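Visitor: In order, the protein sequence lines correspond to chains C and P.
Everything in the first sequence is counted per our numbering, starting at 1 for the first residue and increasing by one.
Everything in the second sequence is counted per our numbering, starting at 1001 for the first residue and increasing by one.
In case anyone wonders, no lab produced these hints; they're calculated from the structure.
If you're wondering where the values come from, they're calculated on a predicted model, not measured in any experiment.
Careful, some of the hints might be misleading.
[What the hints assert, rightly or not] Partial chain C-side listing against chain P, Cβ under 8 Å, derived:
1) G59
2) I75
3) V98
4) P99
5) D100
6) E105
7) A107
8) T142
9) W146
10) V151
11) S162
12) S166
13) F167
14) E168
Ideal placement from N, C-alpha and C gives every residue a C-beta, glycine not left out.
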Amino acid sequence: MSDRGYPEAVADEFLAPPTEFTDREGRTVEIRPYEGTEEGYEALVEMYDDFDPSDRAQGIPPGGEERIREWLDAILDDDCRNVIAWCGDEVAGHATLVPDGDAYELAIFVHQEYQRAGIGTHLIRGLLGHGQAEGVQKVWLTVERWNRAAVSLYKKIGFETSNAESFELEMGLRLNPDADSEAASDENEGDE
Amino acid sequence: MKVLCGIGGSDDSFRALDRTVERAAVANDDLTVAVVENPDSSIDPNEIVRRAESAVEEAGIDAEVRLVDGDPGSRLVEIAETEEFEEIVLGGGHTSPMGKITIGSIAEFVLLNAKTSVTLVR
Chain C
1 MSDRGYPEAV ADEFLAPPTE FTDREGRTVE IRPYEGTEEG YEALVEMYDD FDPSDRAQGI
61 PPGGEERIRE WLDAILDDDC RNVIAWCGDE VAGHATLVPD GDAYELAIFV HQEYQRAGIG
121 THLIRGLLGH GQAEGVQKVW LTVERWNRAA VSLYKKIGFE TSNAESFELE MGLRLNPDAD
181 SEAASDENEG DE
Chain P
1001 MKVLCGIGGS DDSFRALDRT VERAAVANDD LTVAVVENPD SSIDPNEIVR RAESAVEEAG
1061 IDAEVRLVDG DPGSRLVEIA ETEEFEEIVL GGGHTSPMGK ITIGSIAEFV LLNAKTSVTL
1121 VR
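Model the full assembly from the supplied sequences, consistent with the hints where possible.
Guide: Here's what the structure looks like:
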C-alpha cells in the first residue's frame, strides 16, 4: 500500500475543530472531534441506521445496526481520527481517517437530510485540520468516478488523482511535511 | 454446471476458491481451478496450485487445477470461451482498512469481457 502517489506540495493549513457555522438552510452546525462518549457513539449509529442505501459507497456504510456497530468499532479506534458535524444533538455528518501503513484512508458521509447545504466542505476541512494538528502526513481516498460532487469537493480541497486506472479514482493529499521535520507538532491553532 | 474459478493469490481469491469448491461438492459442478499470475500477489503460483489441490482433495471432488500463463483476465475469458465454461468465479474484491471494497483489474476485465455469467464471491 506504500506505492500510492501524493502531491509533492503540502496542502494549505486547515482550521482545526471545534468550529461552528450556519449552513445554507440556516441551521447551526458544529464540527467537533469525536469525543468517545456513549451519546456520541449512539448518535452516530442512529445516523448510519437511517442512511439512504443509495448513498453507500463501495460497501460502506454497511446496512443493518449490527454491522454498523461492528464497522464503527473499527473506525472509531484510538489510532483513527474522527470528526462529527452536529446539528443540536443530531449527527448531520461524519468524517474519518483510518491508518493504513504510513498514511491514512479518508471517508466522509453526510446524512441525506443535511446534504447540499455546505456541510461536507466544512466537515472535510475540519477533519483535515484535526489530522494536521495531530501530525498526520499523508491521506488517500477512493471515490467512484460517477460521483462528480465528491470528486470536485476533493479537488477543491487539494486532493490530486494518483490512480485513474480502475473503477474507482484514487486521490492523495499531503497534510504535513515528511517525518524529518518536527515543526508540525507545535500547538499552532491557526489565525482565524 | 461447468465452472471456471480463477485465483491469483489474493485473500479474496482464496475465499472464492473455498466457496466454489464447497459448492461444487454439493452441486456436483464440473470445476476447473485456473491459477493465474496476479502481479499484485506475492505468493508463488506453485504454492497457490498446492493450496488449490489440497482444497479440492479435502472436499473429495474431482477438479482440475491448472497453472495459466499470460495476462490473467484475457486468459480466463479465452479459456471460458474455447472450453465452453458456463460460469467464471472470482474473488469479490479487496477491502481497505476503512472497509471500502475495490474490485481488482482482473475482475474488472473479466466482468466486462466474459460472455458467461461471472460470480464475485463476498
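Visitor: For every hint, state whether the structure bears it out.
Guide: Do the hints match the structure? See the list:
Given hint, G59/C at the interface with chain P, holds; its Cβ is 4 Å from that chain's nearest Cβ, closer than 8 Å. Annotation: I75/C was flagged as interfacial toward chain P, and the flag holds, the nearest CB pair being 7 Å apart, inside 8 Å. For V98/C, the interface hint holds, since its Cβ comes within 8 Å of a Cβ in chain P; the closest pair sits about 5 Å apart. A hinted interface residue such as P99/C counts as satisfied when its beta carbon comes closer than 8 Å to some beta carbon of chain P; here the least separation is about 7 Å, so the hint holds.
With a least beta-carbon distance of about 5 Å to chain P, the hint placing D100/C at the interface is held under the 8 Å criterion. Because the closest C-beta pair between E105/C and chain P is about 5 Å apart, less than 8 Å, the hint holds. The restraint placing A107/C at the interface with chain P holds, with a minimum CB-CB distance near 5 Å, inside the 8 Å limit. At its closest, the beta carbon of T142/C sits 6 Å from a beta carbon of chain P; the interface hint therefore holds under the 8 Å criterion.
At about 15 Å, the closest approach between the beta carbon of W146/C and any beta carbon in chain P exceeds 8 Å, and the interface hint on this residue is violated. Restraint check, V151/C versus chain P: the minimum CB separation of about 15 Å is more than 8 Å; hint violated. The beta carbon of S162/C comes no nearer than 13 Å to any beta carbon in chain P, farther than 8 Å, and the hint placing it at the interface is violated. Interface restraint check for S166/C: the shortest CB-CB distance to chain P comes to about 6 Å, inside 8 Å, so the restraint holds.
A hinted interface residue such as F167/C counts as satisfied when its beta carbon comes closer than 8 Å to some beta carbon of chain P; here the least separation is about 6 Å, so the hint holds. Satisfaction of the interface hint for E168/C is found here, the shortest Cβ-Cβ separation to chain P being roughly 6 Å, below the 8 Å cut-off.
When each numbered hint is compared with the structure, violations occur for hints 9, 10, 11.
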